[in-house]
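> Sequence:
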Amino acid sequence: METAESQKSVYFWDMDHTIINNDCDVSWKEFLHAKGVASSDAMDLAENFYQDYLNNCLDQDEFMDFQLVEFKGKTFEEMLVLSREHFSEVVKNKIYPQAEKEIRQQMQEGKLLCLITATNSVIAYALKEYLGFDHMIASELEVIDNKYTGKASGTYCLGNGKVSLMKDFFAIHGGSLASSSYYGDSAADVVILEQVGHPFAVNPAPKLLAAAELNNWPVISFT
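Converting from the sequence shown to this note's numbering requires adding 2 to each position, the first position being numbered 1.
Hints are computed from structural coordinates only; laboratory data are not their basis. Note that the structure is a prediction, hence the values are computed from the model and not measured. Virtual Cβ for every residue (Gly too), placed ideally from N, Cα, C. Keep in mind that a hint or two might mislead.
Pairwise CB distance ranges, derived in the manner of DEER restraints [stated by the list, open to error]: (1) His137 - Ala180: 38 to 46 Å; (2) Glu7 - Gly156: 20 to 28 Å; (3) Ile174 - Glu131: 17 to 25 Å.
Based on the provided sequences and hints, a complete structural model is requested.
Here it is as structure tokens:
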């Protein structure tokens with residue numbers, strides 16, 4: 003039996019290539035490399051991992067170890083300074099105007115919105131802050147004694163991992179997959195769009211576009 007809580011509509015928005023014309027995991031390494039923080043081979047490794055992501059064959063543990071090396075021994079406050087600089091210098095100008103307009107309209111209408119991304123929560127925080135999302139689900143970082151260890155924590159927020167984390171969100175805030183909307187762009191999003199009640203393929207990658215055409219999902223193009 004469905005309850006009012008399970009019927010609550012939640013609007014989940016993916017971040018990279020859905021809200022912004024950017025891959026933040028790659029641009030973050032570029033940003034750190036330019037500041038002399040990341041290693042000299044960081045860009046080649048970042049590109050390799052990005053291609054694995056596009057091909058939906060990313061080794062999540064290996065990637066997170068690479069992605070979080072600069073976090074080791076730092077506090078949230080220290081890394082947030084860099085996150086906000088990265089957003090201001092790189093990300094802000096790459097927000098799709100149509101996406102921002104739609105998100106702000108949904109907020110004005112009082113809808114429950116959640117930013118959800120495989121990008122770690124520190125890098126994603128600045129976009130969440132700028133657009134005013136009340137909620138965010140992202141890949142989390144391990145913290146011991148208020149400092150990052152350079153390791154990931156919990157479920158990696160990609161594919162089936164996103165579905166699991168969305169269900170955790172529903173347990174706290176209400177809603178269900180059947181009552182929710184999801185906006186996403188990648189091959190890894192197919193498994194999510196297959197389960198939500200209101201799927202939206204945004205600037206879809208080839209595999210997602212094929213699934214959208216097969217399932218008659220709405221396709222949105224932001225430019």
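> Evaluate each hint against the coordinates.
Verification of the hints:
| no. | hint | result |
| --- | --- | --- |
| 1 | His137 - Ala180: 38 to 46 Å | violated (19 Å) |
| 2 | Glu7 - Gly156: 20 to 28 Å | holds (24 Å) |
| 3 | Ile174 - Glu131: 17 to 25 Å | holds (21 Å) |
Figure legend: structure checked against the earlier numbered hints; the only hint not met is number 1.
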